[in-house]
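Visitor: Here are the chains, one letter per residue:
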Amino acid sequence: MTAREFFSRVRQRLVRYGVGELLAGWWFSRRLTRHGIIVASDGHPWPKVINRGGVIHTENCQFYSGVRLEVGPGGRIEIGNGTYLNRNTEVHAATLVSIGRTCKISWDVVIMDSDMHTLPGRVSEKPVVIEDDVWIGCRSIVLKGVRIGRGAVIAAGSVVTKDIPAGAIAGGVPARVLSTVKEAADRG
Amino acid sequence: MTAREFFSRVRQRLVRYGVGELLAGWWFSRRLTRHGIIVASDGHPWPKVINRGGVIHTENCQFYSGVRLEVGPGGRIEIGNGTYLNRNTEVHAATLVSIGRTCKISWDVVIMDSDMHTLPGRVSEKPVVIEDDVWIGCRSIVLKGVRIGRGAVIAAGSVVTKDIPAGAIAGGVPARVLSTVKEAADRG
Amino acid sequence: MTAREFFSRVRQRLVRYGVGELLAGWWFSRRLTRHGIIVASDGHPWPKVINRGGVIHTENCQFYSGVRLEVGPGGRIEIGNGTYLNRNTEVHAATLVSIGRTCKISWDVVIMDSDMHTLPGRVSEKPVVIEDDVWIGCRSIVLKGVRIGRGAVIAAGSVVTKDIPAGAIAGGVPARVLSTVKEAADRG
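Protein chains in written order, with our numbering: chain A, 1387 to 1574; chain B, 1387 to 1574; chain C, 1387 to 1574.
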């Protein structure tokens, strides 16, 4: 990206988000290991990073108030371009949580790649991968080892314990595939 | 209501809620389009209104800390007399969320009449109607297009995706009718 | 415990938690009826006690930010040694909520022994007993009358409406036994 393109983008963002959200985003982004332009929206309480020895790589992203990114030693959070995390959403990475591009992560969502505690005979940490263009409804929980395929939609209040294929609409506790985005369009 | 009745009511409320909650309620109510006497309980963070061009009509209501009323352009929230919304409960109206009289809405409840995003072939907004005397348990989510009948009870942690008849006790994800208030009384 | 043992313990805790969390814990603990050494972690908003005429007895415990202990008239909360309650977890006791020793209660958990409102023919309050070494996953709700047996594990996002036996791994809405800690160890 040339300096010109960079400033043009900053200008677009200034018009769209206002100085406050960009300044707040810049302040927040200093806690990230590597990052694009960050927008911090919706005011207090500011997004929070708890980094115990891992890395957080994001592209240009938007974080709303109360968002919490937590990485353990050797843990890694990756968030792709154009993705936002809405209010109070939490990401906990002991190994890897990878969120793709232009994902819409709603409010009060928890994404964690770890059981937080170990049980005998049970692997307690497995990477979570959320592919591009995924929508996750409010109050959902995504647990360790889950891969959510490209463009999938997770209904509000779901607990995702197993992989969800690309383009699926899934919901429930535990989350099951209810339909697909294509079927919904065909019915329409 | 005569002036005398008005002041008598204010006095009753002063005794019941204290000056602080009434003052806070008055401050909050200025954000509402039309309203009765509002009580804002439980202190900081104060209830919040995000109005992007809709209307909020309430009668005499009580809102606890962290409540969030959000209306989009042309959206409408109606809340009946004697209803309260407990801590951190959120109402999102893109078209209409109508909550009846003397409803008890617990804490951390989300009521929304919209998917927030559109999918091809899928209507993303439908009114939510909650009739009089409904109880909604903590952490429940009420999704678009749902009508909850008079006097129904929604168990804690439910996700309500379909209509619930009057007098039913419903729960689960998605919420199903488990019993009725009358049956429970007969068994008792 | 001799004075020497006492100071040795305080010293251990100082090293582990730092002065701030112990001071905050001491400040918070003044609201408890009887208590051991309390650690208040993770800063603002501080743990909160709403006591309407009951008692709260804890041994040495750790409370994270936003924890809320609420007892009604004649209600009782008991929390055993070495147990922690993570961020924003709430305990509501109208009669009795008893939590054992070295329990790990995750964040955003609600534990309540009451329906909060009465229905005709329905007992609205029954004690909740959580035995020693229980783990409760984030965003779970434990409802009235439930006993969770020693060492049981409750998955994230569960709503526990019935007793869970000792050593079980349970999850879902309503929570069912999915496996046992022993089975998981044998498979491993």
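Simulated from the structure, these hints should not be mistaken for lab results. Keep in mind it's a predicted model, so treat the numbers as computed, not measured. Note that CB positions come from ideal geometry on N, CA and C, so glycine has one too. Take the hints with a grain of salt, since some may be wrong.
Unchecked claim - Here chain A is said to cover these stretches of chain C; the calculated rule only asks that three of the stretch's residues, wherever they fall, bring their Cβ under 8 Å from a Cβ of chain A:
hint	stretch
1	1537-1551
2	1558-1571
To be verified - Here are a few chain B residues that face chain C, going by a calculated C-beta distance under 10 Å:
hint	residue
3	Phe1414
4	Gly1440
5	Asn1467
6	Val1559
7	Val1567
8	Lys1568
9	Glu1569
Visitor: Next, verify each hint and record whether it holds.
Guide: Here's how the hints hold up against the structure:
1. Remark: the stretch 1537-1551 of chain C is confirmed as covered by chain A, as 5 of its residues place a Cβ nearer than 8 Å to a Cβ of that chain, reaching the required three.
2. For a cut-off of 8 Å, the count of residues in the stretch 1558-1571 of chain C with a CB near a CB of chain A stands at 5, and the three-residue condition holds.
3. The interface hint given for Phe1414 (chain B) is broken, as the beta carbon of that residue sits about 20 Å from the closest beta carbon of chain C, more than 10 Å.
4. Among the interface hints, the one on Gly1440 (chain B) is violated; its C-beta lies about 30 Å from the nearest C-beta in chain C, farther than the 10 Å criterion.
5. Checking Asn1467 (chain B) against chain C: minimum C-beta separation of about 18 Å lies over 10 Å; hint violated.
6. A least Cβ separation of about 5 Å between Val1559 (chain B) and chain C falls short of the 10 Å threshold, and the interface hint therefore holds.
7. Satisfaction of the interface hint for Val1567 (chain B) is found here, the shortest Cβ-Cβ separation to chain C being roughly 6 Å, below the 10 Å cut-off.
8. Nearest Cβ of chain C to the Cβ of Lys1568 (chain B): about 9 Å, under the 10 Å cut. The hint holds.
9. With 10 Å as the threshold, the beta carbon of Glu1569 (chain B) comes within range of chain C, its nearest partner Cβ sitting at about 9 Å, so the hint holds.
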